[in-house]
Amino acid sequence: MDTAITCAIPQLYNATDGEVRAEEDNKVTSHPNNIEGVNKNSTSRVITRLMFVVVGMFGFGFAMVPLYDVFCDITGINGKTGDKVTLAENMQVDTSRVIEVEFIASLNDSMPWEFKPMQHSIKVHPGEPARISYVAVNRTDKAIVGQAVPSVAPGRAAEYFQKTECFCFTEQKLEPGEEKEMPVIFVVDPQLPDDVTQLALSYTFFIKPSGASNSTASLANNSNQEI
Amino acid sequence: MSAVIEEHHDHHDHKPSGIGRWLFSTNHKDIGTMYLWFSFIMFFVGGAMALVIRAELFQPGLQLVEPEFFNQMTTLHGLIMVFGVIMPGFVGLANWMVPMMIGAPDMALPRMNNWSFWLLPGAFGMLIASLIMSLMGMGSAPNFGWTFYAPLSTTYGPASTDYFIFSVHLMGISSIMGAINIIATIMNMRAPGMSYMKMPIFVWTWFITAYLLIAVMPVLAGVVTMMLMDRNFGTSFFNAAGGGDPVLFQHVFWFFGHPEVYIMILPAFGVVSQIVPTFARKKIFGYSSMVYATASIAFLSFIVWAHHMFTTGMPVAGELFFMYATMLIAIPTGVKVFNWVSTMWRGSMTFETPMLFAIGFIFLFTIGGFTGLMMCIAPADFQYHDTYFIVAHFHYVLATGAAFSIMAAVYFWIPKWTGNMYDEKLGKLHFWLTAIGGNILFFPMHFVGLAGMPRRIPDYSLQFAEFNAMATVGAFIFGFSQLIFLYNVIKTIRGGEKATDQVWEGADGLEWTLPSPAPFHSFTTPPTVK
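Quick mapping for you: the protein sequence lines, in order, are chains V and S.
Start counting the first sequence at 1; every next residue gets the next number (my numbering).
Start counting the second sequence at 1; every next residue gets the next number (my numbering).
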């Protein structure tokens, strides 16, 4: 018995995972209750299946990124506004309602521009297009590219706030000392829930690291220096 | 431990000698022992960090350490306790006990088992290296809290964050391999006659935990990979400037993080479900309800993650959903507590150290469970969020919960592992000092938390001074009484009263049919379970 164990067992245990060879199998499986023999295949089957789960869940982690965006788009949470829309011709102007739209400008910590709306707020009828402007000044001595990220409060009103023209649709580049007036044309959808009488539109300007789109190395450097 | 076993069983237990025995081990018992020692060492490392934190918080104002270093301590304490102590501790118990409990000769994948263990010293070596570099003045160790929220860990993370990311990747691979191994073992290597519904509860809880690990550790790997790409490869997953969203980080992290807390508590439920029937000398009350409760907790853990994020500006419908889903967890958990109490009801109870720790677990874990219920109420959570109330809650469930159950398990099974009885007097002393010290440490945190003391801050307002001083005293009692535990474990390994095969009068199960200490190779002939 002693020798049987000392011979059979180390070989069994030193065999590659799940690949117990047949002759060693036989030594152990000569027991009336054969566990190892049955298990050779089922073990590798279990492992294969579990590895699929692992890979799938790793993918799911990344799938949460677009899912999260879609979820925010559908529900309008986060105040994310939609992309550019073409103004529907048949949108009725609802003159019975007046919506006050306030404008807010803010800058990300690392952004050295000056940035403000040219008017604090305006009153519009739902369905009536309105044109307002923001102004940005670059007082540094180098050209800077910025990207504005819009947000509308209250969040549930975001989907009713439609922009037909906005400086946030593209990157903005300001040369040293340049001042730029940046228009926004928007329309408030008449479907806006009745209890909403005020909207706030806010833009945050983020600095776009130079050469971000084509050089990862310079981005890494830039993000260390500038952010 | 090895020396003793060799001495008595050399004649029929052939095993490799020297360092190679441990480096190349494919034996589930040796690997289990290494996991447990690793967890024990990390327990003292993480505990020392906790004492630095508590010493700094003994008085208001800044005394001992710089705020920057304090942040590194809170971060590493959390990471080490979660990934380096509780998880390896339970994996070690699973390695030792699961094959013996189901009548298997070893784990299904012995070599992978070796690899999953030996990744851990590398992972934690790297994490701790970042702290050593910080102490040598070469930049900061990770300092963003164990939850490593973006942008703290991406835009503002210190250079050592990349060490941290790689370390988490290694831990994740280790856990995933360990989990696959446990599932394969349980599914394929049960003794003839041991149907799923005859498995000991500890095996059941680990079976379900292993599935949780497989489902969420890859998500953790995903989130740290996104961090890595944001930091070094110009992506913007979590950076608003590039169209990303930092709140997304929290969603992905907590999708991992909430099941993770059940990964740390389900095996504890299993341990307690083994110990309570033994010392009450009754069968466990409601075996099948225990199994179903464990499975329901595991399922619910996937749909409650955003209760960690009530203050991020979720819509009301979302808050309500996550609030009610979280409350649901109280039901299966309540079933478990009820079953443990009912198992003790009219049992012939004795109070050896494992039973004391198990009862301490039930009592203190339940307190932690109740504070959890308080926090799941979304409107109330705005007051509790990021305060010491949260710290009190998760230390009740993790320190006096999960860690208590590991201590209980060590006392319960160490006679089987070493063949010797531990010192009962020292064990009881260890329990009472730990239980009393733990409550002095964690209970006052409820009060300062409710009054608004924020977590992770090295200084606080004067009105919190008394309770913080109390907590610090408790921390030192709690911390130093673990040295008794260490001494007791070493003493038991070196000798002591010989344990019988059954060890405990009320013990029932395959592992107790083996000799004490358990031979190097056990159940080479499968037992038959009636």
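Read the hints as simulated data drawn from the structure, not as lab findings.
Here a beta-carbon is modelled for each residue, glycine too, at the ideal position from N, C-alpha and C.
Treat the hints loosely; a few may be bogus.
[What the hints assert, rightly or not] Facing chain S, a subset of chain V residues (Cβ under 10 Å, in silico):
| id | residue |
| --- | --- |
| 1 | T43 |
| 2 | V53 |
| 3 | V70 |
| 4 | E159 |
| 5 | K163 |
| 6 | K208 |
Status of each hint after checking the structure:
Here the hint on V:T43 is kept, as its CB sits about 5 Å from the closest CB of chain S, short of 10 Å. For V:V53, the interface hint holds, the least distance from its beta-carbon to any beta-carbon of chain S being 5 Å, beneath 10 Å. Checking V:V70 against chain S: minimum C-beta separation of about 12 Å lies over 10 Å; hint violated. Interface hint status for V:E159: violated, as the beta-carbon distance to the closest one in chain S is roughly 13 Å, over 10 Å.
Interface hint at V:K163: violated, since its Cβ lies 16 Å from the closest Cβ of chain S, which is beyond the 10 Å cut-off. Taken as an interface hint, V:K208 checks out: its beta carbon lies about 7 Å from the nearest beta carbon of chain S, inside 10 Å.
Hint compliance for this structure: hints 3, 4 and 5 are not met, and every other hint is.
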